[in-house]
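Novice: This is what each chain is made of:
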Amino acid sequence: MRLEKRPTPSKVWSWATPVLAVLATMVAGGLLFGALGTDPVLAIRTIFWEPLFGEFAFYYRGQLLVKAGPLILIAIGLSLGFRAGIWNIGAEGQYIMGAICGAAVGLAFYPLEIRWLIFPLIVISGALGGFLWAMIPGILRTRFNTNEILVSLLLVYVAEQILAWMALGPLRNPEGAGFPGSRNLAQYSATSNQELIAGWGLHWGVVAALIAVIFAYILLSRHILGLNIRLAGEAPRAARFAGVNPERLVLLCLGISGALAGLAGLFEVTGPSAQIGIDFNVGYGFTAIIVAFLGRLHPIGVLMAGLLMALTYIGGEAAQASLGLPAAAIQAFQGMLLFFLLAFDVLTNFRVKFGALGAA
Amino acid sequence: MKKRTLLAGLMAATLGLPALADGHEPVKVGFIYVGPIGDGGWTYEHHQGLLAVEEHFGDKVETVFQESVPEGADSERAMTQMALQGADIIFTTSFGYMDPTINVAGKFPDVKFEHATGYKRADNVSTYSARFYEGRAVQGHIAGRMTETNKIGYIASFPIPEVIRGINASYIHAKKANPDVEMSVIWVYTWFDPAKEADAAKALIDNGVDVVLQHTDSTAPQAAAAEAGVISFGQASDMAEYAPLPRVSSIIDNWAPYYIARVQAVMDGTWESTDTWDGIAPGMVEIGEITDAVPADVKAEALALRDAIASGEYHTFTGPLNKQDGSAWLADGETADDGTLAGMGFYVEGITGEIPN
Numbered sequence: 001m002r003l004e005k006r007p008t009p010s011k012v013w014s015w016a017t018p019v020l021a022v023l024a025t026m027v028a029g030g031l032l033f034g035a036l037g038t039d040p041v042l043a044i045r046t047i048f049w050e051p052l053f054g055e056f057a058f059y060y061r062g063q064l065l066v067k068a069g070p071l072i073l074i075a076i077g078l079s080l081g082f083r084a085g086i087w088n089i090g091a092e093g094q095y096i097m098g099a100i101c102g103a104a105v106g107l108a109f110y111p112l113e114i115r116w117l118i119f120p121l122i123v124i125s126g127a128l129g130g131f132l133w134a135m136i137p138g139i140l141r142t143r144f145n146t147n148e149i150l151v152s153l154l155l156v157y158v159a160e161q162i163l164a165w166m167a168l169g170p171l172r173n174p175e176g177a178g179f180p181g182s183r184n185l186a187q188y189s190a191t192s193n194q195e196l197i198a199g200w201g202l203h204w205g206v207v208a209a210l211i212a213v214i215f216a217y218i219l220l221s222r223h224i225l226g227l228n229i230r231l232a233g234e235a236p237r238a239a240r241f242a243g244v245n246p247e248r249l250v251l252l253c254l255g256i257s258g259a260l261a262g263l264a265g266l267f268e269v270t271g272p273s274a275q276i277g278i279d280f281n282v283g284y285g286f287t288a289i290i291v292a293f294l295g296r297l298h299p300i301g302v303l304m305a306g307l308l309m310a311l312t313y314i315g316g317e318a319a320q321a322s323l324g325l326p327a328a329a330i331q332a333f334q335g336m337l338l339f340f341l342l343a344f345d346v347l348t349n350f351r352v353k354f355g356a357l358g359a360a
Numbered sequence: 001m002k003k004r005t006l007l008a009g010l011m012a013a014t015l016g017l018p019a020l021a022d023g024h025e026p027v028k029v030g031f032i033y034v035g036p037i038g039d040g041g042w043t044y045e046h047h048q049g050l051l052a053v054e055e056h057f058g059d060k061v062e063t064v065f066q067e068s069v070p071e072g073a074d075s076e077r078a079m080t081q082m083a084l085q086g087a088d089i090i091f092t093t094s095f096g097y098m099d100p101t102i103n104v105a106g107k108f109p110d111v112k113f114e115h116a117t118g119y120k121r122a123d124n125v126s127t128y129s130a131r132f133y134e135g136r137a138v139q140g141h142i143a144g145r146m147t148e149t150n151k152i153g154y155i156a157s158f159p160i161p162e163v164i165r166g167i168n169a170s171y172i173h174a175k176k177a178n179p180d181v182e183m184s185v186i187w188v189y190t191w192f193d194p195a196k197e198a199d200a201a202k203a204l205i206d207n208g209v210d211v212v213l214q215h216t217d218s219t220a221p222q223a224a225a226a227e228a229g230v231i232s233f234g235q236a237s238d239m240a241e242y243a244p245l246p247r248v249s250s251i252i253d254n255w256a257p258y259y260i261a262r263v264q265a266v267m268d269g270t271w272e273s274t275d276t277w278d279g280i281a282p283g284m285v286e287i288g289e290i291t292d293a294v295p296a297d298v299k300a301e302a303l304a305l306r307d308a309i310a311s312g313e314y315h316t317f318t319g320p321l322n323k324q325d326g327s328a329w330l331a332d333g334e335t336a337d338d339g340t341l342a343g344m345g346f347y348v349e350g351i352t353g354e355i356p357n
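So the protein lines, in turn, are chains A and B.
At position 145 of the first sequence the residue is numbered 145 (our numbering), and the sequence of numbers has no breaks.
At position 330 of the second sequence the residue is numbered 330 (our numbering), and the sequence of numbers has no breaks.
Next up, chain A with everything else stripped away, as it sits in the complex (with noise of 0.2 Å):
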């Protein structure tokens, strides 16, 4: 058995490996659970079949969405400078950025109650954190051609540092007792980004989430710009031919995914976490890497993406509640996917032959 490259990556692969991947996870996952004693379809059916239909299924698919609406916020963003080949890394400190300057906006009003003003405002502001942080890798690499896989990855641990800072002195609670953490951000009803309808999960963020998805598909599908991107990434030397300015999409595509990252901070900090504090940031803009790629770098596998990914989430807390699952095996669990969606890729990109070297 071999493998031979194929010409052009092969377009039913780039969908179907997604799908085995999952499938792959389910049954390496299920032997995994297996073998630390639990019963794995059971527990394969915990992780995937309860949170959408299970008795607290109400519960669940509101929380699938509060879970997911970053994500694919995030990812979406990503997307679009993956497929031109720009590797912005850095999306957790982008939306650590996003949150920190929504939130010190919406703190400088408190305790004014003109939300019609503030929640623009501080949307606006969140966004803006996000952007002007991915500026930073952004310029240094038209400038001064730095790898801004490097810069934007570093400045996550800097957006930490800024976040603990942040919690700890300016933005601490004044009527917090010396512990750390800003005022309750989801209680002041200027800043307070509530579920739109009570149960849904369905915050503004999460419609941002969705705006985001219907924008990336028509910048993609219709928009010079989206086949710009598209261009960049598949065939650079053709782009440049063609007049794409490669500095301007660095920017650009730096500047969209950090803008969306900051959103989706903002849009966090102000509802579901609802205080900047110390653990403020979950992972969320490294993982929404994995949904990228899971989604095929397009706006409705990242919705899907999302979702599933999300699933694993809920779902994987609910095994952990349910049946004793411990924490580091649902981890491990979803590792497993973003493991098998690599391999299987080999498919996407080369063929399997059988037989001799030549006998084909």
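It is possible that part of the hints are untrue.
[Said to hold, decoys possible] Only part of the chain A face toward chain B is listed, based on derived beta-carbon distances under 7 Å:
#	residue
1	273
2	282
3	327
Calculated from the structure, these hints are not laboratory results.
Bear in mind that the values here come from a model prediction, so they are computed numbers and not experimental data.
Ideal Cβ placement from N, Cα and C applies to all residues, glycine included.
Chain A is already provided as a structure; the job is to place chain B on it using the hints.
Specialist: Just chain B, lined up with the frame of chain A:
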């Protein structure tokens, strides 16, 4: 709800699931943990509490737990999940679960919540914590007597009152035992991160520290201390696998009696929202065995200090004590009140460095 009870009864009857002779369902007890149950420290001890509840009540209880739950939005979901699945009482065992606990408790008025180390209560939310600082005093004394370089180090997690109290209590008693002692504090901003904790321990040791105290949950600093041949103390749990050296003693959080009492109260229908803050005397804080690596006279002093605290004859924070900036805090013989301790945000005089702000 009715249908579920009926179903459960049916299932119990046919499958022999745990149910009481009088037909009552077992009390369902939930725990939310910030670290893995195998952390060997904080979460491990809470889990020991869960096991003690199981052993004490047998099939009258059913326990569930979720480990490594991040503080924030995810913890709110974990709690909601437990409440939905019929938990009667839920223990949320980290400071960062405070607001989520209050939020979820508001949605489930019939479920009792117990939040560890926080300060927000409601009709169905109690808070509980231990006076770890009493144990810190004993550790500080041993540290002061054992150090040869006169440098002791402290791995601190987050600059919250609980941690600052521990630093102050250790320092005050190290200084009393050895006036030349100096203490350096490293903030790692995590409760459980073996790599970060080990790095902090090594950094302290590289700076000449020969006694390491920790307010983080893993045993990584113990391993680092063992390698460097310096002294350490078990934190939250006995960490006896590192005895007799580097671990010469420990603070053990014994939550079991409290958990059993609170579950009993739910069974009896006598549960009320309370605020508990117990120390060495009722046994919530225990001093782990002081090993033979400690000279007999030092050990005797440490035990005497422990007993004086337990009997109430000595308070850990007894004046004269000044704040770090030199301003007076406690006059001679005056003891600190709980309110000040609960919100402690300052170092006592003599500690160098600043509380991160």
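Novice: Which earlier hints can't be squared with this structure?
Specialist: none
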